[in-house]
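Novice: Build out the structure end to end from the sequences listed, making use of the hints.
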Amino acid sequence: MLAIGLTGCASLAVRPCDSVGTRDSKYAARFFLGIITLGISEAGIQHEQAIEAMEGWRFCPPPRPVAWQGPPATAGIPRTPGTVVNATKWTVNVYLDPASPGVPPLVTLRPGEARQLALVAGPHRVVATPTAAAGVPPARYERQIQIDPRDRSFRLQLSEGDFQ
Numbered sequence: 387m388l389a390i391g392l393t394g395c396a397s398l399a400v401r402p403c404d405s406v407g408t409r410d411s412k413y414a415a416r417f418f419l420g421i422i423t424l425g426i427s428e429a430g431i432q433h434e435q436a437i438e439a440m441e442g443w444r445f446c447p448p449p450r451p452v453a454w455q456g457p458p459a460t461a462g463i464p465r466t467p468g469t470v471v472n473a474t475k476w477t478v479n480v481y482l483d484p485a486s487p488g489v490p491p492l493v494t495l496r497p498g499e500a501r502q503l504a505l506v507a508g509p510h511r512v513v514a515t516p517t518a519a520a521g522v523p524p525a526r527y528e529r530q531i532q533i534d535p536r537d538r539s540f541r542l543q544l545s546e547g548d549f550q
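The letter at position 105 of the sequence shown is residue 491 when you use my numbering, and the numbering goes up by one with no holes.
Quick caveat, the hints were computed from the structure, so don't treat them as lab data. Every residue, glycine too, gets a C-beta built ideally from N, C-alpha and C. Just to be clear, a hint being listed does not mean it is correct.
[Claimed, not checked] The calculated label-pair distances, taken between Cβ atoms and stated as ranges, are:
#1 I531 to V489: 16 to 22 Å
#2 D537 to P487: 44 to 50 Å
#3 I463 to E528: 24 to 30 Å
#4 G521 to R465: 17 to 23 Å
#5 W443 to G508: 51 to 57 Å
#6 G407 to R465: 46 to 52 Å
#7 I463 to A415: 55 to 61 Å
#8 P497 to E528: 18 to 24 Å
#9 D534 to P449: 44 to 50 Å
Specialist: Here it is in structure tokens:
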């Protein structure tokens, strides 16, 4: 009898394509309809919802295809992984290709610490200086390195004897 009365009415079955407002309205309507019908209506609505789910939500539009974007632009630049090791007793600031004196360090390494880097193939200038807190007279490590794209990795070790 209830099914005959609800024939032609909008469905109260919640679908994945419903907006938040539509979904909330359906839940509110189901609540009040459930009070009026002493909960009998909920069984019919859940049955309708189960049938729609089995049929693949026939009233929802098909999902829009996603266009292929391709790989990110940065992925095209080959990089060589490597390690920079601080073999000194000081904390050092390491700079990569410093263009001007006010540039912050790429990395700060404590004694015995190592860090992973991935550098683009080509020439690079590596500069390292002990931090002011190290209590060491002014010293500087400077080295020009060449990263070959065929290399699998590199290791750069900063030793106290290399600082001048």
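Novice: Could you run down the list of hints and mark each one as holding or not?
Specialist: Verification of the supplied hints:
no.	hint	in the structure
1	I531 to V489: 16 to 22 Å	18 Å, holds
2	D537 to P487: 44 to 50 Å	30 Å, violated
3	I463 to E528: 24 to 30 Å	26 Å, holds
4	G521 to R465: 17 to 23 Å	36 Å, violated
5	W443 to G508: 51 to 57 Å	54 Å, holds
6	G407 to R465: 46 to 52 Å	48 Å, holds
7	I463 to A415: 55 to 61 Å	56 Å, holds
8	P497 to E528: 18 to 24 Å	20 Å, holds
9	D534 to P449: 44 to 50 Å	47 Å, holds
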